[in-house]
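Undergrad: Chain by chain, the residues run as shown.
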Amino acid sequence: MGISYNPEWWPESQWEKDFGMMKEMGFTTVRLGEFAWSSFEPHEGDYHFNWLDKVIVLAKEKGINIILGTPTAGIPPWLYKKDPNVLGANERGAFDYGGRKGFSIYNITMQQAAEKLINAMAEHYSKNPTVLGWQISNEPGYPFMNYDLNSLHAFRKWLKDHYGTIQRLNEAWGGTFWSNQYNDWDEIMFPLNSAEGGWRAGSRVDYRRFFSDSFLWWINFESDILKKYVKDQFIFTNWPDMRWSVNTYKTESLFQITAWDNYSAMPGTCDYHAQFYATKNHDLARCSRKDQLFFVSEQGTQAPTNSDQTAVRLQTYLGFAHGSQGTMFYEWRPPLAGNEQAYKSVLNVDGSYGPAEKEFRRMVKEFGRIGKQLVGATTDADIGMIYSYDNQWEQGFWQGKSLFEMTTTTSADGYDINFQRFYNGVKVLGRNVDIVAPEASKNKYKMMVVPGLQMVSEQVAKQLEDYVRQGGILVLDPMSGTRDMDARTRPLIPPGVFADIAGIKIRTTLLMSKTTGQYQMVLPDGTKATVSKMLEGVELSGAKKMVSFSGKGMEGKPAVTVNQIGKGFVVYVSAISYDKKFYDGLFAHLAKQFKIDPLLKVPEGVEVVSRKNSTGEFLFVMNLTDTEKTVYLPKAMTEIISNKQRFGTMIFPAFEVAIFKAD
Amino acid sequence: MGISYNPEWWPESQWEKDFGMMKEMGFTTVRLGEFAWSSFEPHEGDYHFNWLDKVIVLAKEKGINIILGTPTAGIPPWLYKKDPNVLGANERGAFDYGGRKGFSIYNITMQQAAEKLINAMAEHYSKNPTVLGWQISNEPGYPFMNYDLNSLHAFRKWLKDHYGTIQRLNEAWGGTFWSNQYNDWDEIMFPLNSAEGGWRAGSRVDYRRFFSDSFLWWINFESDILKKYVKDQFIFTNWPDMRWSVNTYKTESLFQITAWDNYSAMPGTCDYHAQFYATKNHDLARCSRKDQLFFVSEQGTQAPTNSDQTAVRLQTYLGFAHGSQGTMFYEWRPPLAGNEQAYKSVLNVDGSYGPAEKEFRRMVKEFGRIGKQLVGATTDADIGMIYSYDNQWEQGFWQGKSLFEMTTTTSADGYDINFQRFYNGVKVLGRNVDIVAPEASKNKYKMMVVPGLQMVSEQVAKQLEDYVRQGGILVLDPMSGTRDMDARTRPLIPPGVFADIAGIKIRTTLLMSKTTGQYQMVLPDGTKATVSKMLEGVELSGAKKMVSFSGKGMEGKPAVTVNQIGKGFVVYVSAISYDKKFYDGLFAHLAKQFKIDPLLKVPEGVEVVSRKNSTGEFLFVMNLTDTEKTVYLPKAMTEIISNKQRFGTMIFPAFEVAIFKAD
Amino acid sequence: MGISYNPEWWPESQWEKDFGMMKEMGFTTVRLGEFAWSSFEPHEGDYHFNWLDKVIVLAKEKGINIILGTPTAGIPPWLYKKDPNVLGANERGAFDYGGRKGFSIYNITMQQAAEKLINAMAEHYSKNPTVLGWQISNEPGYPFMNYDLNSLHAFRKWLKDHYGTIQRLNEAWGGTFWSNQYNDWDEIMFPLNSAEGGWRAGSRVDYRRFFSDSFLWWINFESDILKKYVKDQFIFTNWPDMRWSVNTYKTESLFQITAWDNYSAMPGTCDYHAQFYATKNHDLARCSRKDQLFFVSEQGTQAPTNSDQTAVRLQTYLGFAHGSQGTMFYEWRPPLAGNEQAYKSVLNVDGSYGPAEKEFRRMVKEFGRIGKQLVGATTDADIGMIYSYDNQWEQGFWQGKSLFEMTTTTSADGYDINFQRFYNGVKVLGRNVDIVAPEASKNKYKMMVVPGLQMVSEQVAKQLEDYVRQGGILVLDPMSGTRDMDARTRPLIPPGVFADIAGIKIRTTLLMSKTTGQYQMVLPDGTKATVSKMLEGVELSGAKKMVSFSGKGMEGKPAVTVNQIGKGFVVYVSAISYDKKFYDGLFAHLAKQFKIDPLLKVPEGVEVVSRKNSTGEFLFVMNLTDTEKTVYLPKAMTEIISNKQRFGTMIFPAFEVAIFKAD
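Protein chains in written order, with this note's numbering: chain A, 206 to 868; chain B, 206 to 868; chain C, 206 to 868.
Each hint should be verified, as a subset may be incorrect.
Same chains, same label: a pair holds when it works inside one copy or across any pair of copies.
Below, in silico cross-link-like pairs of lysine to any residue (SDA-like), each with a Cα-Cα straight-line distance of 20 Å or less [to be verified]:
| hint | residue 1 | residue 2 |
| --- | --- | --- |
| 1 | Lys733 | Lys785 |
| 2 | Lys563 | Ile698 |
| 3 | Lys286 | Ala359 |
| 4 | Lys840 | Leu824 |
| 5 | Lys866 | Phe825 |
| 6 | Lys222 | Ile698 |
| 7 | Lys817 | Thr843 |
| 8 | Lys757 | Glu861 |
| 9 | Lys577 | Thr233 |
| 10 | Lys577 | Thr820 |
| 11 | Lys228 | Glu217 |
| 12 | Lys757 | Ala479 |
| 13 | Lys649 | Ser815 |
| 14 | Lys577 | Phe825 |
| 15 | Lys738 | Gln546 |
| 16 | Lys436 | Glu320 |
| 17 | Lys433 | Thr456 |
| 18 | Lys563 | Glu744 |
Derived from the structure by calculation, the hints contain no laboratory data.
Working from the sequences, and respecting the hints, build out all of it.
TA: Following this line, the structure appears as structure tokens:
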């Protein structure tokens, strides 16, 4: 259990007291140094590590280990003054000084300054045994608009490397459309204020791929410097979320472990489905590496007024249950000035213990005991989902829109939110879920749920077909398979490469500008769920109707279909719905239809997942709600947190957690 | 019946098949070439017509005629690279490359490149008998913000030509207000980011007049080149709608025919009133020329999932009924890349026939038969409306607001939408409607409905007064007659130049920031309709109350008045309402009061209009709704589509069309 | 009673008639000259006062006095042409020409041109006995974003003067946070387009302080020129409202009187609480000077259609009742061109008397009579509120957000609106209210209501504690006392410096992204009011609960607490509510609890305030509503408008006003 701390915010006199209190509470690891560039190097080339040396000595004295952040996400004023182009640009123009991030990866001044500083830091701290590891920069990849001239030149080069010839790029981007046909690479511009049109599908997905590769390059650039010095220290970065802008499937070789910053809603503050946002990201982080290693690099330290502080413990156990190796909380002490004044922290603003004190002490005790039992535990899942960065970038939050357009839309669309809705439904199955890359092996999964796979390669399409023929159950949704990896429409009736295995044809669609509620889907049990944004006109060519539409002109027409292919099945959902009743109901029906039993039968709002190691299987049961739940345990097992044997009907108070192990 | 096709998007091998299928379906005309600049001239001065020659030969072989578009709406990258000022600017700055349009009319590089290309095209194709006509550019006049420096200089020149002296401009624009008093033309700026204020009424209407004249100049520039070569080919352009930014009343001499792109909502997808958006534009297009010649240059090719494909046929008949000479659909084959991927087209993405196939085949057959019977048919209307470009530009969609302001408002206001509400009401009369310029002769109309005529010349006001005195019925609405053609308020109590003939005085108003529903208008039959945005305090000075307000402080006060003047009447509506019940109810009452009988008595949702030629009168009856309607035909007539005699009660299925002719 | 008039808008021939009509109606003072720069100086250095001389002679002949405005808020085109930097910049870039204001205070061309013109005007008019006074510029301080380079340099200088060393500034702004630590003043930028973050709390409040000081400097600059010439003429400016951007507490020495432009909603057009917006500003204006002198420099001239013109009279009496020395109406004659065409004025657009004619004539008569009786009358209040400019600037309308963010939020938050909600509640007490600076003496007030005092100095906190200990009642709300005057969080458990005297501790909060209505406050009488945006978790450490929360997780927890300290009490409100029931109910309860009796017991919607002079006390009773009210007068008094003795039950018609004086 670790914590973030910024000694440079506080007088030296306070440091010892802070480390003393951390130790007393049981924190064993502290992250330091991110955003401290101006303290490390107050003037160009004038490095000051003395203060941090003192801090590390103090930490060591208390038995606390250190993770050091490279401070490249916070540019000191002198560096901006030296070369304003160390910051990039968004569509309003060059970034100016005043906050954080936005540095230009391709600016030589930035690269040189970063290189020198990281060399100096690594030289100084690489052999320090108190320093366990290094965090590269901070939440890399945001802002993902960096429209400076250096980036434009790098983008053109990236395109040339990617396409080889300008003819090939013109084909991919549809150059003949509107005469946007290039003769040479230097004719390509970022279309920031173009008259009508601008970012075409091909160009925007390529920009995002370029952007992802840029940050992979930057991470590699920083870690290459570190690797010249470090031996036993591990290297990682703290992803802002698992959604944004860098392809984490490509980071396995760069790092020793994956980490993400978990700022999900605290349990008890809203509907329990919101907790699946965190578990989805845990699952994705875990699946980003074969060794399943990940941890939570930042997490909130207290519950708001309307919940209970035990929610902090539950949120931590949720990570643990899904495979996290540990949790770093953010942060020890609330800053008194700057952009995040009085940020809710472990301590109150006056330095007294904050509201979740008791929970932290409890967790330290509990994890001390159960941690050993779970050593080497991994997650074994038989339900899979495919998360495709290419599709996220093409359909996601940002679609080549200007900042202006992005922030004035309230539409809850995009790849990620759609993925999340399906994930939430999948949780009804009560089984472990892997979230994998499109190219991943599918054999181990009984069911693969694949929303939003509009762009798909021939090869992946073929794999999925094979998967189905051999007995897999594949769940698809609107526009699946309709586009190639250049983001071009395939000359195939939707759902494109999946039309045959889905056993349907779609020739008409209906877009709804608002959530008018005028169309519904009627589930087999009679539940009605609202269609939200679009629906498709499905013609059955082999498939059977599972769910019908209702509403003017659509009465009784197929909304969800199922088609048997070989030993397997393709389920196709032909509408978008914002209504969670639909996803919960759909997967409850699929569970029944395909006989998928939960790890343990639990009431709604209780999550169950499992991990196992050489000693056996651990069953995590967690009440995500703020009301009491009743769980029935069909055979006697040991609950390892309390170290008590349990059997039969049990009361789970709000936010309660249990870990059962067969005796 | 024609279709758009872009051969440059497709491999040469596909062309013959496409033309074969077009012929087989019955399309006789194909539009080619718009947006193909980079295919015609891939490098500066390097013209390639060979590919199009092949295309035209293939078309000819199939008996298909060609309309060629000049490709000036799509700038090739090399031209932008040569001179970035070929694109204009919006209020965020210069346009950059990436989409379409936005070219600067006043940029010399653009003019020269366009001139050379059009000369080359015309030289090459002007004598080709397969080429029937030329379309100038594409949907000219949008974007209507072109704030580049060349335009500013041109605007100053336009103002000088228009006003003669800077003193005269200062008077018109109110220079003494806030010290905005110019000494010289070069002090005039586009106020794109002014501190407070900015575009004054005078300046914004002049900017729009200038903009309209700019595009008229550009159209003339292109067509002058063409006219050096062409003899029998006709010239036109495809207006984006009849509303935006160029005064179509001034285009009669430039073209042989008017055309507009009809992207109205398909029948069956929403309330039937929405169809009047299309019929309004048909009526306006028809009245833009004395010879009434117009056609639909683009129209959708299929109905969405929740309607029926017969809606495509109805939408086409609506144009025909209102006088259209033909319909070009958009488009033959959906593009697989670029900004409009998988656009709903005649063919599906896989090249198979699309969902409306049957309707296209049916229309080809029907129009082949009935087209001959209607040769030379024109529309004779006795109800008139005045559509004033000056007032649209002053009160319309864009009011000198920044793009930012425009797109963040949800208010359904502006000249066009107000005009449309009145037009929808007028349709209740069941008679043909002309939509004419303010200066047009009014004698033939029994009633003139004139919403939004705030700016009006003395001469037109006098004409309207004469019209009323001689027996006309004039319908006006808030602020009518209050301003002169410089957009200045007249020193007359509202409704200004119409106060005497309306028999009312208005000294107070009430603006409502929201549609609160707190005020209503109570129609003679007791129907209550909500007042939406503003109302006026009417003092009767001769007029009689026809409709009353209800609501706090307004109970029983006059909302609509009628005043007899000479042999005629002035009806004044003193509030804005977004409630269609008001307009339907008002015109139903006026029909009764003034004994205006419909061409044929039909139920709500059925439209009736007529055309006539030397052989007699054709009565078009169209069911705009997706439910069955019953129509009573009081005398025996021939329905010419089915070629059957009809009489008495008839069932009209959803979207059904009939054309009756007296025997 | 005065009026604004712009002779430069009208032909000379009309001036005499206008002054004749003004005199005939009873207007005695006319404001001229603001925005007339281009008439005074049509070309650089070419001064024309001849036309104004004629105007003033005409005024004098009619017995009308003149107030002259310096025209610096309207830049003539020639000045912008000479140096475009006379206008400043917002976050979109430099202002361009086209409206008004936005001039750069720190531009030398602007300063020199203004200096010469004001010298010339002062030289010409300072001895003219018809000219009573001078208005400096127009509504200074808006726009409050002036991001030109001159301002940046001035801001750096201001910071240097304010902080002395860059180390001190880094401490105040939290430089170590995100490495925003400056080495030198020239590293400080306006963060207009920074990547993430940007304006920190310290920087944004300093920018607003700088901006306020800039306008104080400008006002001083103009008035210093005037003071070289004028002897008996008074100097003032017309504040746009009492809220925006200049600290009016600092203007006492600059002016002879305070004035503000009152564009509050007219009585009768909406809920009567809206009238308290005007009375709040009257109270604040009155308290900006020890001598209590203020007047209304602009006020509307007519009521909208749905109210009654007697509302104009009531609005004027509201100012009078709260201490105004007079009212200038805006404006005499509606402009026929420019940005404010047909502005509702005293005259109609045709020059005839407008709808409120009768009310103006009546007021002239009434004020002529009662004015003399109230000579020297002042307001004596025993209820106080603190209005803190520093807190407004930190929490107010603009919070360092871009214009973009500001205008796309619909949230009704910020310091001013919160202050207004408390003020509206305070009016329930039925007593005079002073609105004073934080440092003002508190002794005279029985109760001090202090919403939004997040930033507070040690000294003011101590004063307030002393005030309570000596028997005062102090009302506070969320986050009070938590921050120092550098906008830094104090290391104290909230409510910070007030935690001890409030007898509570707050360690958790709940922010609600929407007004979901899921939490309520339950008042002692059972009334439920909705919590709107945030609430706090209050732990009682001495205080007693007065109001409880209801809603999930908050049931019965304290929402309002009261704590006795010495002889006084601290009342703490721990939530934000947009619901006026809460504030009305809270203060009704406090009145009962603390035995605060109204000046006169009146029904809801009737306001009562008092003024007194050497002849006795005047009790103003005003029906703010459009319905009849019954007031009971417990002892016989003279109503001085009607000059009749009154006693017992009286009927107050809509908008009626009475002034009672004890016999």
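Undergrad: Can you name, in rising order, the numbers of the hints this structure does not satisfy?
TA: Nothing - there is no hint that the structure violates, so all of them hold.
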